[in-house]
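Undergrad: So you can see what is in the structure, the chains are spelled out below.
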Amino acid sequence: MGRNETAHASAEDVGGETEEFDPIGTLTLIAIYFAILVVSWVYIYYIEFLGRDLVIVG
Amino acid sequence: MSEAIEGDRTFADKFPEEARVVRAALLGSFLALTLGAVFGIIQTLHRTGVFRGLISSTDYYTSLTAHGVFLALSFTTFFLVGLFTWAVVRSLDRPVIDIRITWTWYGLMAAGMTMTGISILAGFVNELDMSADVLFTFYAPLQAHPMFYAGLAVFIVGSWIAGADYFRTWLAWKRENPDERIPLQTFMVLTTMAMWYIASSAVAASVLIFLLPWSLGLIDQVNPTLTRTLFWFFGHPVVYFWLMPAYLLWYTVLPKIAGGRLFSDPLARVVFVLFLLLSTPVGIHHQYLDPGIAEGFKFISMTNTMFLLLPSLLTAFTVVASVEYGARQRGGTGLLGWLTDLPWRDPAFTGMMLAGLMFAAGGFSGMVNAGMNINYMIHNTIWVPGHFHLTVGTAVALTFMAATYWLWPQITNKPIYSRAIGLVQVVVWFVGMALMSNAMHAQGILGVPRRTAEPEYSGFDYPTMFGGFEELNIQIAIGGTLLFVSTVLFIGNLVLTMGNPKISGLAEELPPALSGPDDAPRVLDNLRLWVGIAVTLVVLAYALPLAAIINRGGLLGPGVGTFPVWLTPVLDALANGAAAVVGGVVDASASLAEVVG
Amino acid sequence: MHIHAYEKLWLAASVLLILFLLGSVTYGAVGPGVAMVSDSEPAIDAGALDEDDRFSEPRVEQVGENEYAAYVVARQFGFQPDPIVVPANSTVTFYVTSADVIHGFEVAGTNANTMVVPGEVSEITVETDGPAEYGIVCNEYCGAAHHAMEGKLEVVSQSAYEERASGGDGE
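Chains as they are written, first to last, in numbering that gives the first Met the number 0: chain A, 0 to 57; chain B, 0 to 596; chain C, 0 to 170.
Be careful, since some hints might not be right.
Across the chosen pairs, the derived CB separations fall in these ranges [as the list claims (entries may be wrong)]: (1) Glu132/C / Tyr45/A: 23 to 33 Å; (2) Met464/B / Val62/C: 33 to 43 Å; (3) Ala87/C / Val430/B: 16 to 26 Å; (4) Ala159/C / Tyr45/A: 55 to 65 Å.
So the derived list for chain A, only partly shown, Cβ under 8 Å to chain C, looks like this [what the hints assert, rightly or not]: (5) Asp21; (6) Ile31; (7) Ala34; (8) Ile35; (9) Trp40; (10) Tyr42; (11) Tyr44; (12) Leu49; (13) Arg51; (14) Asp52; (15) Val54; (16) Ile55; (17) Val56; (18) Gly57.
Keep in mind the hints are simulated off the structure, nothing from the lab. Idealized CB from N, CA, C, for every residue including glycine.
Same shape as in the complex, but just chain A (with noise of 0.2 Å):
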């Protein structure tokens, strides 16, 4: 056993794996969220912050 674990992350222990995974399903629900994000931004800065009485203009 290594002392940390600095020394088990040698390259060959983890070499190669990086460009075989794909992440795909990652990126599908980061998407998703992305859009959630834009769509309730959208709701409430444009049209419930926006169009409420007494906005201040000074």
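Given the structure of chain A, go ahead and fit chains B and C onto it with the hints provided.
TA: Showing chains B and C alone in chain A's frame:
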């Protein structure tokens, strides 16, 4: 001893002395959690009008101060120092330099928090002329008993020594391993503590130079905008101080529990460096609606704040990708089908995942909070507590509780009493918080203020949206009750765990990252450089605003009085007087303040 | 340093999101003209409000054609004047200060919201629409009876406003 057997040793076996400190820190943390939860349920029921029989509306603010200080400072920080001690010692695979120093900072932090805690809780006892009903933010000129400030100072000094302990242990390791990269967990601890030194310097200055001498009567008045600005100099980075240990767990422990490994070690380092750089020069975004601060400073603060989204957005990707890798190692397939191949029966896994999901929702309300002018809509409404109950109240708190199910056996050699109860507990927390936080956000949009014992007013009704004020109150009460139940389950499970016998075979190793530290540019480990840039950014962001504030109001403020909350005569006069006799009350408190001063 | 292509994509999307948020706020400032409360007013002696022209007698007064100024004092535990009466379809500038501790001044359910700090004057300008009644709440904890601190903003028709003003109400 053979290598195989050594690999089976838990942290408690390898480092029994350090494990004791970690246990003590976690137990301190859970004591604070218990107290905080008791005040939490009292407040939920009081505020929503479901049950107001336990405390008076005046004592609500004593409870609220206790809830804030015990949870936001005590629960989080004690867990953090326990976790960090474990992380540094584990990842460096060496003991701390001197365990007596480690116990010294623990003792100081415990003593400081006890002092502050007593000064707060004394507010419930009318016979004692001691109170600290100034809430977590202690805005002057409301004034707490001196012991409140003194305790905070001692607590912070203790945390500084803890940071020094980690840095010295790392330096000793570095001498022994001159050419090695800083192990990831230690890197995370060091960057977080560097941020903490920068951030807490301001609140320490505020307490030691202004608030403590003022509460002792050594100076007559303080500048409310200045002390408030110094608080928020600390008050925003402190939220990342809470969050960083949760990130450490998401990056280094969660992938392992998911059956995989961290996706990218270099990106994890980049994220922590970004937090070190950007956490502090943003505090003015809590003061968007303050008079006496120019709009330009607010805009700069907003720009920094928005870019602070970046490390969290990157984290979302890296952590989910690490979990996806784990799921695919476990045989998961499909675009999203792998989600079913994760260890959802493990409370540590499910708890952390639900915490992360809540954090994603909190990210949205955080964007609204960060938007300078949209702040008019939600500033100081209950939207804001709705937001931070998602972040610190779930992303952090639920991660800590979930991680405890994994970590506690490592530091005690005792298996968790019931993982099934643990699973129920984390799900109940999630459901409770979903209800409570959602309703708080909705009430905030109606204009319902935060920090009030009775949010219903005699002169007007709130507009009716999202089901309306009353219905949302019910949701808050149900949600808050579920959160209390969840805390009871957590604490109960832990107490029963303590009764379990010690066994062997609980040791868990943390695997290295897919893309390891050798992939990370060396410059990332140059802590001096990053601290230097961080300090420069803070100076750029704060020098001019602080100079302008002092220039406007003077170091000690432009003719502002002193309003001690810790003299019962004043308190009673204020409570009874209400609006009708405002003038008289002001005179009375001014003269009383003179007597005190 | 190796960064996965998807992660680069997400990084780019994140930066775009941040620019979109900053752009929205900037649009709000230059389009509808939302302005922040700032350091426009000089500091003031909170202990000597009774000697101040504007705050010794909290009131609403006409300062221009269809422009009104509301001088408001917040103190434990109420607002003066109460109610604050302003005419509909006019421009109203609130000057709010505190006689004691930090308070909040929030016209519930609207965008009129500011901190009220002793020693400082918060200046916010709004344009009123038709007649309406709003609640004003103190949204910063200010002491034992904080929850009792409320006020009222009445937006009344121009004629009703003039009637009230000439009626010697003073508010």
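Undergrad: Decide, hint by hint, whether the structure agrees.
TA: Each hint tested on the structure:
no.	hint	in the structure
1	Glu132/C / Tyr45/A: 23 to 33 Å	27 Å, holds
2	Met464/B / Val62/C: 33 to 43 Å	35 Å, holds
3	Ala87/C / Val430/B: 16 to 26 Å	46 Å, violated
4	Ala159/C / Tyr45/A: 55 to 65 Å	34 Å, violated
5	Asp21	7 Å, holds
6	Ile31	12 Å, violated
7	Ala34	10 Å, violated
8	Ile35	12 Å, violated
9	Trp40	7 Å, holds
10	Tyr42	12 Å, violated
11	Tyr44	5 Å, holds
12	Leu49	6 Å, holds
13	Arg51	5 Å, holds
14	Asp52	4 Å, holds
15	Val54	5 Å, holds
16	Ile55	5 Å, holds
17	Val56	5 Å, holds
18	Gly57	3 Å, holds
The structure is inconsistent with the numbered hints 3, 4, 6, 7, 8, 10, although it conforms to all the rest.
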